[in-house]
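Take each chain as given, in its own frame, and dock them per the hints.
The listed protein sequences correspond, in order, to chains V and R.
Start counting the first sequence at 1; every next residue gets the next number (the working numbering).
Start counting the second sequence at 1; every next residue gets the next number (the working numbering).
Be careful, since some hints might not be right.
[Unchecked claim] Simulated pairs of lysine to any residue, SDA-like, Cα-Cα distance not exceeding 25 Å: (1) V:K106 x R:R9; (2) V:K26 x V:N65; (3) V:K26 x R:Y31.
In short, the hints are calculated from the structure, not lab data.
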Amino acid sequence: QQPVQSPQAVILREGEDAVINCSSSKALYSVHWYRQKHGEAPVFLMILLKGGEQKGHEKISASFNEKKQQSSLYLTASQLSYSGTYFCGTERTDSNYQLIWGAGTKLIIKP
Amino acid sequence: EAQVTQNPRYLITVTGKKLTVTCSQNMNHEYMSWYRQDPGLGLRQIYYSMNVEVTDKGDVPEGYKVSRKEKRNFPLILESPSPNQTSLYFCASRWANGYTFGSGTRLTVV
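The shape of chain R in the complex, shown without the other chains (with noise of 0.2 Å):
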């Protein structure tokens, strides 16, 4: 089956406690990103990457890091959370029509 794998689906962390959302796709798509997702601000890109090593900035990239060592994993990674980081996390793969999402990784920090 076609999908977009993200784990964990649930994390409670403390602040600057190093955590890492890991995305993978079976799908062989070049294009993934990453979204965050805040009541009534819509989803907003963090980071995306055209292809293995080639990674970029989205609208909201501070405080977040991001690699891409291989076309199926796109791991996200923030290395001090910090509670404004509290949040709903997409991972997503775009396909030649349209994205496919991951199931979503609701973060809290406290």
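Chain V extracted, bound-state conformation (with noise of 0.2 Å):
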């Protein structure tokens, strides 16, 4: 089943802040996140392990609430270069690599 992302699209000013989510009703082994630029193909931010710690990529983290089988991603003072469409993946423990993926949220960045 499909995780559920939000908010669908954001848009922000250059330095201001963001919170995407993705939900699960399934228990999860992991959630990976993503970023997709126009026309180009996903590249791998970061991915959280059941068990694990928040994980932090330059001024983008991330946590994984199991019990909530949640995933925040946190962009903080956004740049330009942060634009583009965030999916999150996530994985069960018996899903042998498999990840269903999110429909995406479209992040807008304004100077």
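Shown next as structure tokens:
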């Protein structure tokens, strides 16, 4: 079952913060986050493992709440280069590396 | 450079004319996968392969075939393409913690 991402879209001014959520109704082993720019391939940002710690990547970090089966991606002091569509991919313990992808959150950063 | 190479980048074809989209990775990854991406639907898995000669259906396998005769290559075959297969296709291989995607193939079937 596809994880639910929210919001569907967000518009920010450069320097503002954003939070993107990814929720699943199934017990998860891991959550992946990717960013895709228009016309390009998705690019890996980070993976959150069950029982693991919050991860960070430059000014982008993420958390994984195992009780709620929810992950959140935090973008701090956003830059123009952060624009794109963010996808979460969820992996279950018994899934053999299979990821189920959310529909994506489109992030627009304005100067 | 570690990469997944897809060809062609763009393809326009006619209904029913067999085509193959090639995918090759140079990272010795065992797991490879094909996705299609349509507006508002995110990435949907077509087929995946856990290793050489081991392939399995994903969520939307109808109308597609794959093969995995060697570890580096994982071609996607459309035996008789139809207009509803017009989409953006990505090949990906999995390393320990994430996926590396090819640059994509935009297919139009008229």
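Results of checking the hints against the structure:
no. : hint          : in the structure
1   : V:K106 x R:R9 : holds, 24 Å
2   : V:K26 x V:N65 : holds, 13 Å
3   : V:K26 x R:Y31 : holds, 23 Å
In this structure, every one of the numbered hints holds.
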